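Novice: Work out the full structure: start from the sequences and follow the hints.
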Amino acid sequence: MDWFNSHVLSVVVFFPLVWAVFGLLIPTTNESGRNALKYWTLIGSLLTFAFSLKIYYAFQANGAAFQLTELAEWIPGLGTSYSLGMDGISLWLIILTTFLSPIVILASFTAVEEKLRGYYFLLLALETGMLGAFVALDVFLFYVFWEVMLIPMYFLVGIWGGKDRIYAAMKFFVYTMVGSLLMLVAIFFLAYQHKLQMGTYSTALLDLYKVHIPGGGFTSPQSLLFMGFALAFAIKVPLFPLHTWLPDAHVQAPTAGSVILAGVLLKMGGYGFLRFAFPLFPDAVATFQIPFMILAAIAIVYGAWVATVQPDMKKLVAYSSVSHMGYVVLGLFSMNAIGVTGSIYQMLNHGVSTGALFLLVGMIYERRHTREISDFGGITKVMPIFAIIFMIVTLSSVALPGTNGFVGEFLILLGAWKTSPGLAAISALGVIFGAVYMLWLFQRVMFGPVKNKENEKLKDLSFREIAVMVPLLFCIFWMGVAPNFFFRKMEPSIERFLTRSTATAVARASVPSSSSIAAFFSKKN
Amino acid sequence: MEALTIIRPESLSLSSEQVRALMPYFLVFGGIMLATLLAVVKGIKPKWPVFLLAVATAVVGVVASANLIPDATIGMFNGMMVSDSYSHFFNVIFMASAGITILASLRYLDREQLQHPEYYVLVLLSALGMMLMTSALDLIVIFIALEIMSLAVYVLVGFRRTDKKSNEAAMKYFILGSAASAILLYGAALLYGATQSTNIHEILKFTQAQPAGMTPLFTLGVWLVMIGFLFKVASVPFHMWMPDVYEGAPAPVTGFMTTGLKAAAFASFMRFFISMGYGTTLSATLQAHIHDILWVSAVLTMIVGNVIALTQTNLKRMLAYSSIAHSGYLLVGLLAGSGTPGGYSAVVFYLVAYAIMNLGAFIILTVISNREDTGLNLHDVSGLASRSPWLSFAMAVFLFSMAGIPPTAGFAAKYMLFYSAIQAHETPLVIISVLCSSISVYYYLRVLVYMYMREPVGSAPASRVSMWSALAVALMVAMTLQFGVVPARLVEVTKRAVASL
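Sequence lines, in order, name chains D and L. Residue numbering for the first sequence follows my numbering, starting at -3 and increasing by one per position. Residue numbering for the second sequence follows my numbering, starting at 1356 and increasing by one per position.
Some hints here could point you the wrong way.
FRET-style restraints, in silico, Cβ to Cβ [to be verified]: (1) S2(D) with G1730(L): 37 to 45 Å; (2) S1741(L) with P237(D): 35 to 43 Å; (3) W1745(L) with K453(D): 26 to 34 Å; (4) T1570(L) with P237(D): 56 to 64 Å; (5) V14(D) with P1404(L): 42 to 50 Å.
I should point out that these hints are in silico values taken from the structure, not numbers from a laboratory. Predicted, not measured: the structure shown is a model, and the values here were computed from it. By construction, the Cβ of each residue, glycine as well, lies at the ideal position given by its N, Cα and C atoms.
Specialist: Here's what the structure looks like:
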């Protein structure tokens, strides 16, 4: 038990992979073997979730900056270490990952019927990759996990995806790879600067925080390094105009792939900004603050517009992701406690609501094998439970007060207003456009007469499908009405993040004394 | 002059340390002789005895050389040869790749009805040439070793006697290879004229003694020797021979060439490169020239290799161009090596990683190809994953490794190589390198697309894998992953190897 307590992060990260390797031994030639494999995988992901709750209880919000740390030498000659740790920012992203995994596995029970062993193995391997990236405190280790994640996702899209799956998988991989490799160059450079300034090789994040790199101006060393990191993260988020891989990958991926992609992989970009790009290059952040906020505002409005005209449901949800993730970047770059908190919250929200939307689209696709909006209409009459759940998720996505989406977007806009009122105003339009495309989608799919004969005999959600959706619905409301529960754990970490990221930056008057967001919010409620 | 005219008494008798240091060479040579004899003994079928003897020789060679890695440096034969960690480290690579090649060839030669015992002897002989080349300190010895190595490989390339392509490849390789050897030899002659020695340590002493007095003769000599080496490592613009030779040669021989031959050429090149004083005593002008020209050559090699590989549909040819691209990365490492202490160890590590993954990939090509090495087009591997899941998995590991994606040896190697280049202030070169390597991701992954994401064309049966090939592939997969996840020990060994230079 002692060993478990001191290595809880390693256990959570590698448990799914180890479990998945044993899953490969289950023969899938007959029906009972196939079921055994499905439940085996589900149990594995549930156990991972249970382990990750241990992290939640062990984490002391007011304790050390990084907790549950583990440290071991890896390649001494290069200064790389196996260094894990987590804080209030990664806490919820870890739990989001372990929370979504059993859901997507349960949702895949009927959707995927071929090459089962590979499929479930890759899902769990992907979970290991994502969790590893969230807890790595060494840039080398982070990079390893960051890249390892691509492999399972590439196969998930490429093997179990839709008609253009190969194109989408390839585009996804190459796009991400270009960004990652430039980040790698920046990592080298940074690590080398550490060697020059401190005399020892190290890639540990906390060591690299101390490296001094001249900043100021768009072509200063700090700005160039920042761009190396930011490009990788902006591709992952994805930020306009680097978002073009996303609709392809989302639409072609199997439902589970889309949910994981939207729910967790995109967060990796935001997390990268928070953990690496901002604290490492504070001056560059000040330089690039407004350009990035402009891009984010464009992403919000543009994503919403493009989503409005999509004839395909899944593509609509994909473009809504571009818009929603625009808010995340906007909040991050507003560089004040309110905006950053909102941004992290929005990452969680987006994981829950967009994940839920992809699941719902997947469920109706399984029944009708089409996602064209025009093929539907009047679904409320044939699938009432589905319609109710879809309604709730839609409202969460358009940020209705009382749901999770509202808290995140409200905080982000508030934070952005403090930095740039103009951009905040433009971005606020996104909320309206968001309501337009989501409600219009709902209207066209759900209301009106049942025009299409094939829709008349659709079965409503099964017990399993309801079981998939209930935890997500619960989260939508819980996060909507009790955000303090989540903020409490994040707050000191966010303050620390802001101190670091503004440490050497030119003073900006707009940074509020980052006094309690939680207090602010409880006043409002 | 001294080295050539005065024969010192100690050069005629060998001390016990020297005998110990020469053991791997004696053992391998003995194995080769014995195998040759076995091959002509009347009344026995030579296939199994020679095969097993060859494998045993390779194993003995690996073990004997590995044992000598920690030993101190010993000069031999009047300074013409040296036994140091560096040479023994590479000896391990050569013998291992020869052994693996032999393992993978047994079933292949049966299939092609080429089961002649000479094949195994030639592989070992060529490996012996590589061993000598890496431990040679004298340009003349380097030349002789190069010829031992190359002549054996010329024959191996043309081993499919009845096949036009194989013959063409052998001919091409022979003519161009001889020309390159001649250029190298001419360079050695000019260096002898300029420095009164063909010993690279003497040449280094010469550059140290008169750094400013580098005559045109010396410069030209250096260039010609370098061109000889650049030809052997197939860097642009001396790469034209490579794709045809790689495509025409029997698949296991191609695998052997990409690993052993390339490692040997780079190992010797690196020795020469360091010994002529690059980064230390070479005159600034000459150094700048060499730097600039190698810089351009590295960039062109990476771009040409990667871009042309994009358009290939034959897997062997694609891997040939990718091999050119990898030479480009290695040149980057070579350029950067002098920038940091132990910087060359990144090149050595890369060579090891490259040898492992490429050998593995070529064994798989050997196994899945049809008679006459056909059936290696992209569409032939469609749906391979459903026919041969284990082979496909292994191939995926090798391809991810070549693309430099963790957790594989290829990633660790690229990481160290580019990191050392950053430390040598070659940032633009590194940016070009990583962009080129992101191009390479596309063509490596395209193979996976065919293997995993497309349906099989027709109903090809699963490839039959011999126990020996399976063993070889499993070994390569294990090493690719091991050096990717825990490279620390290999890093230490490569550092020690380079430190002994």
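Novice: Is it true that S1741(L) and P237(D) lie within 35 to 43 Å of each other by Cβ?
Specialist: holds (39 Å)
Novice: Measuring from beta carbon to beta carbon, are W1745(L) and K453(D) in 26 to 34 Å?
Specialist: Given range 26 to 34 Å: violated, Cβ gap about 45 Å.
Novice: State, for the Cβ atoms of S2(D) and G1730(L), whether the hinted interval 37 to 45 Å holds or is violated.
Specialist: Since the Cβ atoms of S2(D) and G1730(L) sit about 54 Å apart, the hinted range of 37 to 45 Å is violated.
Novice: Using the Cβ atoms, figure out if T1570(L) sits within 56 to 64 Å of P237(D).
Specialist: holds (57 Å)
Novice: So the hint says 42 to 50 Å: do the beta-carbon atoms of V14(D) and P1404(L) match that?
Specialist: The hinted range 42 to 50 Å holds for V14(D) and P1404(L), with Cβ atoms some 45 Å apart.
Comparing the model with each earlier hint shows violations of hints 1 and 3; every other hint is respected.
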